[in-house]
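Undergrad: Sequence:
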Amino acid sequence: MKFNKAKCKILHLSWGNPKHQYRLGREWIESSPEEKDLGVLVDKKLNMSRQCALAAQKANHILGYIKRSVASRLREVILPFHSTLMRPPPGVQCPALGSPVQKGHGPVEASPEEGHRDDQRDGAPLL
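In full-length UniProt numbering, the protein residues as written are 1 to 127.
Be aware that a few hints might be false.
Unchecked claim - In silico DSS-like pairs for lysine-lysine, Cα to Cα no more than 27 Å straight-line:
1. K5 with K36
2. K5 with K44
3. K44 with K67
4. K44 with K7
5. K67 with K45
6. K19 with K36
7. K58 with K19
8. K45 with K19
9. K7 with K36
10. K7 with K19
11. K45 with K58
12. K19 with K9
13. K58 with K5
14. K58 with K36
15. K2 with K36
Simulated from the structure, these hints should not be mistaken for lab results.
Take the sequences, apply the hints, and build the full model.
TA: The structure is reproduced here in structure tokens:
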């Protein structure tokens, strides 16, 4: 398998970065203000606010689609559509959509065994 030089990009991190130009062989590598890797969009400040804004925009588009295409706006009718269409892809980390929460962590003073037992009892969805 050949190495694709065209897909290489530089993401200059931090504020004081001198933003040097780099070459790979004889070709100059392109600089990019943001990059998406493993489904996460990160900019030069290591800020994911654009990722969250795009996720919220996508959610609003889907909600608008539901609103336009469903005659009844009763909760019992809308909720199944919403939960089916709004399922985020695995590994999406965005507070606006409710990041995946790790279970097994109880209060600070609780032991790990107590936290685990609490999780077994609950069984209720987080959202």
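Undergrad: Output the numbers, in ascending order, of every earlier hint that fails for this structure.
TA: 3, 5, 7, 13
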